[in-house]
Amino acid sequence: MKVGLLSGLLVMAFMAQSEECPDWPQEQLALETQALTEHIEVWDRAYHDGGESLVADELYDQALARLESWQACLGDTTPHRPLTRVSSSDGTRAHPAAQRGLNKADDEGVRRFTSRREDLWIQPKVDGVAVTLRYVAGELVEAVSR
1 MKVGLLSGLL VMAFMAQSEE CPDWPQEQLA LETQALTEHI EVWDRAYHDG
51 GESLVADELY DQALARLESW QACLGDTTPH RPLTRVSSSD GTRAHPAAQR
101 GLNKADDEGV RRFTSRREDL WIQPKVDGVA VTLRYVAGEL VEAVSR
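Residue numbers for the sequence shown follow the numbering used here, beginning at 1 and rising by one.
Since the hints were made in silico from the structure, they are not lab data.
Only a predicted model underlies this, so the values are computations on that prediction, with no experimental measurement involved.
Do not take every clue at face value.
Restraint-style ranges between C-beta atoms, simulated for each label pair [stated by the list, open to error]:
| id | residue 1 | residue 2 | range |
| --- | --- | --- | --- |
| 1 | D107 | Y135 | 37 to 43 Å |
| 2 | E139 | Q62 | 43 to 49 Å |
| 3 | T132 | T78 | 20 to 26 Å |
| 4 | L133 | P25 | 16 to 22 Å |
Backbone N, C-alpha and C define an ideal beta-carbon position, used for all residues, glycine too.
Could you put the whole structure together from the sequences, leaning on the hints where they help?
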């Protein structure tokens with residue numbers, strides 16, 4: 001709980017800063033970017049391996065946006081990828097294929113998308129519900145969820 005609270009406070013401090021590249025020396029920006037990356041990785045592990053959300057979704061999204069912004073300031077365009085390994089009853093399994101979600105959209109992006117469609121079906125997102133089923137010769141041999 002202390003880690004989640006401390007991490008949340010740290011992210012809020014980051015979020016209070018401007019959306020532009022911080023006015024820091026490159027060394028400091030690199031260190032801060034690495035620290036934020038490590039916090040996000042802790043949150044990813046807790047969520048994907050332990051089923052525990054250490055921060056609210058909105059704070060996570062803001063931290064991820066901040067990370068991507070800082071990485072761009074450093075010239076690093078490699079996006080953050082949540083963990084691709086999950087716990088299982090007999091150890092850790094790698095997903096045979098990445099389970100990807102949709103990109104985040106703001107209200108304006110959703111309005112633009114829906115305005116171009118006459119027939120639209122929307123269903124609620126159930127957080128954390130995803131499964132990869134692998135069949136060999138018509139028989140289920142593996143089920144991996146996130």
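Item checked: Earlier hints that do not hold, by number -> Checked against the structure, the only hint that fails is number 4, while the rest are satisfied.
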